[in-house]
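J.: Read off the chains here:
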Amino acid sequence: MSQEQENISTTAPSQATLTAKDIPPPGGTSILRISTRTAIILLWYCIAFTALMAATYFATKPAIEASAAAEKLQMINAVLSKDQYDNELLKDTITLPATAALGLEENTTLYRARKGGEAAAVILEAIAPDGYSGKIRLILAVKANGELAAVRVTEHKETPGLGDYIDPKKDRNKSRPWITQFNDVGFEQIPQAEFKVKKDGGRIDQMSGATISPRAVTNAVRRALEWTLSRREALFALPSGQTLEEK
Amino acid sequence: MSTYREITANGLWKQNSILAQVLGMCPTLAVTTNFTNAFSLGLATAFVMALSNGAVSLLRAFIPYEIRIPVFILIIAALVTIVDMAMNAWTHDLYLILGIFIPLIVTNCIVLARVEAFAAKNPALKSTWDGFIMGFGLALVLGVLGLSRELIGQGTLFSGIEVVIPGLHGFQVLPEDYNFLIGILPPGAFILLGFMIAVRNWLDARATAAKQAAARQQQLQTA
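Protein sequence lines correspond, in order, to chains A and B. Each residue of the first sequence is one higher than the last, beginning at 153 in my numbering. Each residue of the second sequence is one higher than the last, beginning at 22 in my numbering.
FYI, nobody ran anything at the bench for these hints, they're computed from the structure. Using N, Cα and C, we set each Cβ at its ideal position, and we do this for glycine too. Errors might be hidden in some of the hints.
To give a feel for the contact side, a few chain B residues facing chain A, derived at Cβ under 8 angstroms [what the hints assert, rightly or not]:
no.: 1; residue: Ile88
no.: 2; residue: Val92
no.: 3; residue: Trp111
no.: 4; residue: Ile182
no.: 5; residue: Glu183
no.: 6; residue: Val185
no.: 7; residue: Gly188
no.: 8; residue: Leu189
no.: 9; residue: Gln193
no.: 10; residue: Pro196
no.: 11; residue: Leu202
no.: 12; residue: Asp225
Some residues of chain A that are not near chain B, with every Cβ distance over 10 angstroms (derived) [said to hold, decoys possible]:
no.: 13; residue: Glu223
no.: 14; residue: Ile364
no.: 15; residue: Trp379
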């Protein structure tokens, strides 16, 4: 019991505890002097540990940037396979302003994939604002022929085990996850008016019991596809690094 | 002065940071959805605690008594930031899962508690060991909690372990479509933790009762 008391109590004086008396302040004991001295010591600790953090920051910076780029590329490769483009698409980008049709409230980056110099696909983000619990963030690849290459959910808060099958990692159907219905389809395969979940009279399947999440995703995909198709040329023509201006 | 044996017993059982002191509930509830996440965050905490206890113990002669708490917090925050950046750089996949919890180590009061209660008055090696074993005790409890929650919640064991140790794989113990929501959601953690604390208290009470009975027996014999 005494052991526990010794460990828990923080005020119990012991021989190794430091007190103000242990280190006599040089040059008098006025309150001002003691305060100044203490403040200077604290300042030195701040400088020393800030320097340590700065050193770590510079040592880890290249590795952190490399893995951030790799992560971005991994996400892009999930919606557009590597054999469909041959340019450095992380460097062929334009900035999209906040766009209501895509559900975006802030600037995002659109990546452009090209093969042999020809336009191959654009990769853009969209947000479905009407998920069951908040926004669902999507990444889409739209091929130059007007079809979607694929769609993935990058962020969502849908109920685990119910609506979260919109994310293929959570989908129990591993061979053909729900979201792969959007692979290689465009408005030619599924007309605009039928690009809805079956419950709304469309042609996109949904699982019974959880309609809200797939409905939100499907509608957001349709809106994003409409938006992209109506300005396909402009998206590819704009010089890299510029911001898309909407009239 | 406590011996290494006592320090170890304190960290793992007698003063276990979760089961006995009930400190650090935030990571306990947030990361224990499976064994891999829970135990990894536990080990990261143990690492930070060993570092912070060691650093404070080495510097304890140069830390004025009046400003020791701000200096302790500064040291802990700096170490956590460094671990955070190092993990982001060199174990990126693990960082993607634990990333948002690493800064929470700062707010886990067990770190400051051990620095103040132990490292500020003990030599560096002992302090480092105390920090590590306290953190390891925490990691063990988080691990058990994570293991039971993933088994009850989604019927798997060690899922996601390939992120930490490539080559290993988790098991699907129960049928693929098995699902029990409360295991995955935070209330499940509260309920299970309650059971674990109860078991610990029961074992302790039994040990104390046995000791008292033995003492009484001895008294009777000598009398």
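J.: Can isoleucine 88(B) be said to touch chain A, with a Cβ gap under 8 angstroms?
T.: Since chain A brings a Cβ to about 5 angstroms from isoleucine 88(B), closer than 8 angstroms, the hint holds.
J.: Beyond 10 angstroms on every Cβ pair: is that true for tryptophan 379(A) relative to chain B?
T.: holds (30 angstroms)
J.: Min Cβ distance, glutamine 193(B) to chain A: is it shorter than 8 angstroms?
T.: violated (12 angstroms)
J.: Mind checking the CB of tryptophan 111(B) against every CB in chain A and telling me if the closest is under 8 angstroms?
T.: holds (6 angstroms)
J.: Take a quick look at isoleucine 364(A) and tell me if its Cβ sits farther than 10 angstroms from every Cβ on chain B, holds or violated.
T.: holds (17 angstroms)
J.: Regarding the hint that leucine 202(B) lies at the interface with chain A, is the smallest CB-CB distance below 8 angstroms?
T.: With a minimum Cβ separation of about 6 angstroms from chain A (threshold 8 angstroms), the hint on leucine 202(B) holds.
J.: Take the shortest C-beta to C-beta distance between valine 185(B) and chain A; is it under 8 angstroms?
T.: With a closest approach of 16 angstroms, the valine 185(B) hint is violated.
J.: So, aspartate 225(B) near chain A? Judge it on the closest CB pair being under 8 angstroms.
T.: Not OK, violated: aspartate 225(B) not within 8 angstroms of chain A, min 12 angstroms.
J.: Is the hint on glycine 188(B) kept, meaning its closest Cβ partner in chain A is under 8 angstroms away?
T.: violated (20 angstroms)
J.: The hint names valine 92(B) as touching chain A; please verify it with the least Cβ-Cβ distance against 8 angstroms.
T.: Given a least distance of 5 angstroms, the restraint on valine 92(B) holds.
J.: When you look at the beta carbon of glutamate 223(A), is every beta carbon of chain B farther off than 10 angstroms?
T.: Violated: least Cβ distance 8 angstroms, not greater than 10 angstroms.
J.: Please check whether glutamate 183(B) passes as an interface residue: C-beta within 8 angstroms of a C-beta belonging to chain A.
T.: violated (13 angstroms)
When the structure is compared with the earlier hints, violations turn up for hints 4, 5, 6, 7, 8, 9, 10, 12, 13 and for no others.
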